[in-house]
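Peer 1: Given the coordinates of chain A, assemble chain B onto it according to the supplied hints.
For the record, the sequence lines run as chains A and B.
This note's numbering numbers the first residue of the first sequence as 48 and each following residue consecutively.
This note's numbering numbers the first residue of the second sequence as 48 and each following residue consecutively.
There are no misleading hints in this set.
Identical chains blur together in the list; that is why a pair holds if it fits in one copy or across any two.
In the DSS-like style, the derived pairs of lysine-lysine whose C-alpha atoms are separated by at most 25 angstroms in a straight line are: (1) 361 / 110; (2) 173 / 85; (3) 235 / 255; (4) 361 / 184; (5) 273 / 462; (6) 85 / 132; (7) 382 / 110; (8) 184 / 382; (9) 184 / 103; (10) 132 / 196; (11) 107 / 361; (12) 377 / 184; (13) 156 / 196.
FYI, nobody ran anything at the bench for these hints, they're computed from the structure.
Protein chains: 2
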Amino acid sequence: MSKDKKFVESITSRDVDFPQWYTDICLRAELTDYSSVKGCMILLPGGFAIWENIQKGLDKAFKATGHQNVAMPMFIPESLLQKEKEHVEGFAPEVAWVTHGGANELEEKLAVRPTSEVLFCELYSKIVRSYRDLPKKYNQWVSVVRWEKTTRPFLRTREFYWQEGHTVHETQSDAMEETLLMLDVYTKFLEDYLAIPVIRGEKTAKEKFAGAEKTYTMEAQMYDGKALQAGTSHYFGTGFAEAFNIQYSDRNNELQYAHQTSWGVSTRLIGGLIMVHSDDSGLVLPPRIAPNQLVVIPIAQHKEGVLDKAYELKEQLENDFSVIIDDTDKSPGWKFSEYEMKGIPLRIEIGPRDIENNVCVIVRRDTREKITVDLNNLNSEVTRLLNEIQENLYNTAKERLESRIYDVTSYDEFKNVADNKPGFMRAMWCGKTECEEAIKEETTVTSRCIPFENEQVKLSDKCIYCKEAAETMLIWGKAY
Amino acid sequence: MSKDKKFVESITSRDVDFPQWYTDICLRAELTDYSSVKGCMILLPGGFAIWENIQKGLDKAFKATGHQNVAMPMFIPESLLQKEKEHVEGFAPEVAWVTHGGANELEEKLAVRPTSEVLFCELYSKIVRSYRDLPKKYNQWVSVVRWEKTTRPFLRTREFYWQEGHTVHETQSDAMEETLLMLDVYTKFLEDYLAIPVIRGEKTAKEKFAGAEKTYTMEAQMYDGKALQAGTSHYFGTGFAEAFNIQYSDRNNELQYAHQTSWGVSTRLIGGLIMVHSDDSGLVLPPRIAPNQLVVIPIAQHKEGVLDKAYELKEQLENDFSVIIDDTDKSPGWKFSEYEMKGIPLRIEIGPRDIENNVCVIVRRDTREKITVDLNNLNSEVTRLLNEIQENLYNTAKERLESRIYDVTSYDEFKNVADNKPGFMRAMWCGKTECEEAIKEETTVTSRCIPFENEQVKLSDKCIYCKEAAETMLIWGKAY
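Just chain A, with the same shape it has in the complex (with noise of 0.2 angstroms):
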């Protein structure tokens, strides 16, 4: 097989060169390609594929949660962005404008989205009068706009697909206990589909969306120890509604400011399955999101009877997965290292001694084992190895997850372990924001959040920082 291996042999080796292999692995399995604008993606098929497959996921739960999808302008005009003060100073920065229609000025600027909670605000203080209206809960599947300087394939880019979901409620428990299902809506996407761990918790002051009261986030760790904030819900309190007067006559025909929410996951996702699961043969991708479960490969397929057998198990495999078959006259090395980058969980090898014995060899991708299966028993040994696929990858992640979270009590062990050790940290922190920035700008490590499952840690009484008395204990960790 290793003389066929060209294709993989050319990819950075993640132990060597990890942003390198990441990008590596972007391109050549065709997730991903540059465009001619600086910053902005093309995503190829195999790269929309995996975030068809996050849409489908997300989409009926999000449905299955009293969800409706809509679809708002893709431009917020100047002034309307500048309704909520916290909020236009935290997206203005990086705003793209539009200034011309044809050859006209436009007689005002229009941001291209960098997020939409302005104009959801403006409909929901059209539509929401009473609180018979309530609650609205809206998502849309868009792409959305932010200049950004520096930029990588799926983690930062220009442009980005999303979903935002934006709710507006009766009451502050209401829009809290959206904040939080959303948030588990995520938490169980990520772990059941895209077999990554995360951990919960509340973003600092600091880290907090701009214009929101409390912002929850997953943080995932990647193979290289940093951080990735894969999704995040926020709870606006009634802030927004005040700028933008929604409001609606309660029960006792009062009127009252709503209470709002926005949560969104984003194409980094697809970022964050490379960095967590793939290895330098190339992609690996969980069963459940994977576009191709199952690759059929005709071996010695000149043979007579070989196609039509690979053709016969394809049929077979398509009634209960997704399946292709390469019958190309390349060499079925080529193939192998092909499907390995490319990342599908189980490549089927069909040979003329296999067709005598009424068997096939299944290899697995995430730990290359290859299993001899009778064609009788075929379906239900791959389901079964799928399952084991999935499994195995949530588990691997778990566990590296798990042992790289270090406990530090002071700041010089603090420094050490961030420049020595890749992974989380948890510090106690004193509350107080000069803290945190202060860490940050010596160490570039960064607060990721006051972790839900650890609320009554309390490793020791003080600020790693400041010493004075510490408020809680803080996730920290390099992040992307």
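Peer 2: Positioned in the frame of chain A, the structure of chain B alone reads:
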């Protein structure tokens, strides 16, 4: 029932003021709403759900014919847009331009895509090398922007949702086959799902797409007799390939320019659904495209057992159909009007006496017919009725279309029909753009297509305008 019908009484009659009736339905059926960005609409849940069903149906057909989805950037650098001369002349006058990113002026201004030919061409020029790479058949579902002066919901808006397929092929005949295949895919979908019959044919040189060699179209006739261009499919020849240098080594190892196509349909189809099927009580939707096919309305729901029975019916129907229930305390009459306005194909009424008799009353949205149905046969009766509605809507539209195509053999007759009879005309034409332009200027009637179905039709020897020798027959109509 009539005393509750405030809701319906306030929409304009389609025979009194068709444009106002149309706008009334768009807003009152809650399909769309105006935004603060002039000319851009909001797709509300009711409108977006129809678009989702259109997407679902067409996307399946695209994939079944070997197409793959991608996502290209929403921006096009000015220099890239200018590479194909006819194309840029066609689109530049209505392009929205991004000139600033954050606080900085861009070095090169960026068009917000009005269509994406040039982006696909640039990609294809990179990834197509050999005949082995062909065909590439990509599609994307996105919104595009054209800075139109006058706009109408769904029919002409500055931003609109659509799909655009872009393919590249080895030979002219492969590309032409694709062009016509996609026209067939569209036609089948329009007829089978949207219940909209169309006339298909080729656009004249004046009306074809900017940069295309041939444009094929589906023309639908609205209730007011006007034409709606419902979708187009273009054969580009090698024009774009030459401008963008899309060359491949052919089977003799010689360099050749590739042949291309593009094809698209948009949210304009929702406008077509309204203007073909709907009536003075509101929206009428064909069951195969309706987001909700059934609404269950309990009658005297305060009486014991009614609500329970209504929920039971809903649950039973959900196995086969998309069903909603309205158990609010609004009056049944209000509910009847509401769901007629929203175009739900069948309403199921269940009250105490019905329960006693083990029946329910089903009311068809299209004919208003009331049918008493034995609850033991409910699902099969509903299936039958939905099929009947689907067929009835198609047949009604088909008969109307066929009865309103007028053959004219002189320009006086042409003008007389144009002024007095809603519908299309068939008339002979010399093939010169000047005649076509003069007719448009003098009558506002435009050429719709040289129809496939009538290639052999010869109404006379002469062009109705210049009276010189006729080259072909054309379909004419006033258009949206």
